[in-house]
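Peer 1: Listed here are the chains, written in short residue letters.
Protein chains: 2
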Amino acid sequence: MAGLAWKWPRTRLPVGASALGVFVLCWLYIFPVYRLPDEKEIVQGVLMQQGKAWRRNHTAVAVFRKLLEDCCDPGQLFAMTKQNSPMGKNLWFDGEFLYSFTIDNTTYSLFPQATPLQLPLKKCSVVGNGGILKKSGCGKQIDQADFVMRCNLPPLSREYSKDVGLKTQLVTANPSIIQKRFQNLLWSRKAFVDSVKVYNHSYIYMPAFSMKTGTGPSLRVYYTLKDFGAKQAVLFANPNFLRDIGKFWKNKGIHAKRLSTGLFLVSAALGLCEEVTIYGFWPFSVDLHGKFISHHYYDNVLPDSGFHAMPEEFLQLWFLHKSGVLRMQLEQ
Amino acid sequence: MAGLAWKWPRTRLPVGASALGVFVLCWLYIFPVYRLPDEKEIVQGVLMQQGKAWRRNHTAVAVFRKLLEDCCDPGQLFAMTKQNSPMGKNLWFDGEFLYSFTIDNTTYSLFPQATPLQLPLKKCSVVGNGGILKKSGCGKQIDQADFVMRCNLPPLSREYSKDVGLKTQLVTANPSIIQKRFQNLLWSRKAFVDSVKVYNHSYIYMPAFSMKTGTGPSLRVYYTLKDFGAKQAVLFANPNFLRDIGKFWKNKGIHAKRLSTGLFLVSAALGLCEEVTIYGFWPFSVDLHGKFISHHYYDNVLPDSGFHAMPEEFLQLWFLHKSGVLRMQLEQ
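In order, the protein sequences belong to chains E and H.
In terms of the numbering used here, the first sequence opens at residue 1 and continues consecutively.
In terms of the numbering used here, the second sequence opens at residue 1 and continues consecutively.
Chain E on its own, in the form it takes in the complex (with noise of 0.2 Å):
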């Protein structure tokens, strides 16, 4: 039959070619050809506005506000509770490509009904894990808020206290943490539990459904706690959340594979609190006066190159700075 035998007229090219421009296509998304300030920019420009008063703009924090509720919702989105996320509907990992799933039962249950925080919240800080924050003394101001988030179960002891603080409302949990630090609870989970018992009563807020493999453990972070009796809870990101909160940023000009989890979390606390400062938000390897710091504030592990875009990020946080938007404190 004719219209078998027919093909199409052959090259050698176009398959390469539209691979080839494809590819360059997405690495201009992610990398794009613009010039960000080196350090020693970033750094100057932030020693320019050091000197001055700063003031929250109201106007300009009900603005943002508005960006971030009409994108992502965060008074209803930010956790998985039964009323966003009923028996039976589907949703997407949103660190993966085409794989979803479905809220069953046993899920179902671990949800509560409704956002458990009473919204909106008043004074929030938000910490980052900055070496910044060693020898800050910033301790009793971040303590000072009514409602305290940190990133990645950060340490708490005693030499640190005064510099980070010790109130905890909300602690984020990335699955990998758990892999690491507690063999995914698959064994024992003593050494977990007695570690969480510095947040006090907490929530600790995980993107169980972001990867699939981070699926398994935050489910058991949600049955060791509840079997200890613990004063710390689970409370599951939304993926849509976390989806939609990527994507306001991409738009904004951040070009990252995911943003980092201080970003998520500073967003939902400008959608959930009345009045942000953070602390700790500074990923540069000198302070304001040219010293060298190290990158946590409990150790100078650096993050997984190409991951994440942090000095994006902290320019962005640093506008809102400038903005009123939010406080950023870098010194004591």
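Hint data in this document are derived by calculation from the structure and do not stem from the laboratory.
Small disclaimer: the values here were computed from a predicted structure and weren't measured.
One or more hints might be untrue.
Which copy? The list can't say, so a pair holds if one copy fits it or any two copies do.
To be verified - Pairs of lysine to any residue, SDA-like flavour, derived with a Cα cap of 20 Å:
hint	residue 1	residue 2
1	K190	T107
2	K180	G216
3	K180	N105
4	K180	T106
5	K190	G216
6	K190	T106
7	K66	R243
8	K212	Y223
9	K247	T261
10	K190	K231
11	K122	R327
Given the coordinates of chain E, assemble chain H onto it according to the supplied hints.
Peer 2: For chain H alone, kept in the frame of chain E given last:
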């Protein structure tokens, strides 16, 4: 080359015929061609004996213990200990073909230095789970022993205690139970901890190294009890002991894929205790008065057919009873 060109003369039979031959030999090994007395005959035989007074034959007890010591050394090898399983030792799973494991740092730390049992144990009750225990009123007699051993985490709730007692010093738990009833302890573990409270201060004896898939759940039982500060502690069955006991009974004519937990436990008791009385070892569907009874005292779930050889095992135990090596209690 001439050597390479040489071939076996070609026929169409040998491969199939040899395979069939091997199959028949294996079949005969597992299901030999001898006639086992049927249920009625066994019950009749037991009834004939019932009137007669039973006396422990101390010579027979000593002879049998010597046999067990020579083959299997229960006192030393009953459980995994630091003494019999040093670091780096290679052991074979007794329920698998061709799989071994090496004692590493982590596994080694789970073993007691030596057997924690005060040997020899004096009077032991070994309690099978046969339906014949129902309405037997044997509970008091069972609990009068110094050391009570039970099989497969049986229920001991108030409705059963009059018949089966409550005292327990050692209870076996197959990993399959942990899988079926407690989801392999991968999620919540509280239900398991609560369910074993009934065994008070006792050892949970687990064949952790019989099948590869059983190791994980068994170790999780260990960690769970430790994490919760439970009164129960795990003893891991030594696969060499289980293999040796299996061979011992195979040589005495028991042909089955695997011995029942009950016979393993009675064998251990005969090696560890001065006096052994066994209860609930009755695998038949009628009692001594011809009345139909359930398979277990708590349910009527039958075992997988063809896996154990219960009537054969019963006959061996009955022979030991008649010889005065152990006492088999079948009625009140």
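Peer 1: If a hint holds in the structure, say so; if it does not, say that too.
Peer 2: How the hints compare with the structure:
With identical chains, the CA atoms of K190 and T107 are at most 20 Å apart between copies only, with a shortest distance of 18 Å across copies and 24 Å within one. Proximity of K180 and G216 under a CA criterion of 20 Å is satisfied in both settings, with 14 Å inside one chain copy and 19 Å between copies. In this homomeric assembly, K180 and N105 come within 20 Å of each other (Cα to Cα) only across copies, at 19 Å, whereas the closest approach inside a single copy is 29 Å. When the C-alpha separation of K180 and T106 is checked against a cutoff of 20 Å, the pair qualifies only between copies, where the shortest distance is 17 Å, while the shortest distance within a copy is 26 Å.
In this assembly of identical chains, the alpha carbons of K190 and G216 lie at most 20 Å apart whether taken from the same copy (18 Å) or from different copies (18 Å). For the homomeric pair K190 and T106, the shortest alpha-carbon distance between copies (16 Å) is at most 20 Å, but the shortest distance inside one copy (24 Å) is not. When the C-alpha separation of K66 and R243 is checked against a cutoff of 20 Å, the pair qualifies only within one copy, where the shortest distance is 18 Å, while the shortest distance between copies is 71 Å. In this homomeric assembly, K212 and Y223 come within 20 Å of each other (Cα to Cα) only inside a single copy, at 18 Å, whereas the closest approach across copies is 26 Å.
Proximity of K247 and T261 under a CA criterion of 20 Å is satisfied intra-copy only: 15 Å inside one chain copy versus 59 Å between copies. Taking the closest pair of Cα atoms, K190 and K231 come within 20 Å of each other both inside a single copy (14 Å) and across two copies (16 Å). In this homomeric assembly, K122 and R327 come within 20 Å of each other (Cα to Cα) only inside a single copy, at 14 Å, whereas the closest approach across copies is 75 Å.
Going down the numbered hints, you'll see the structure goes against none, and every one checks out.
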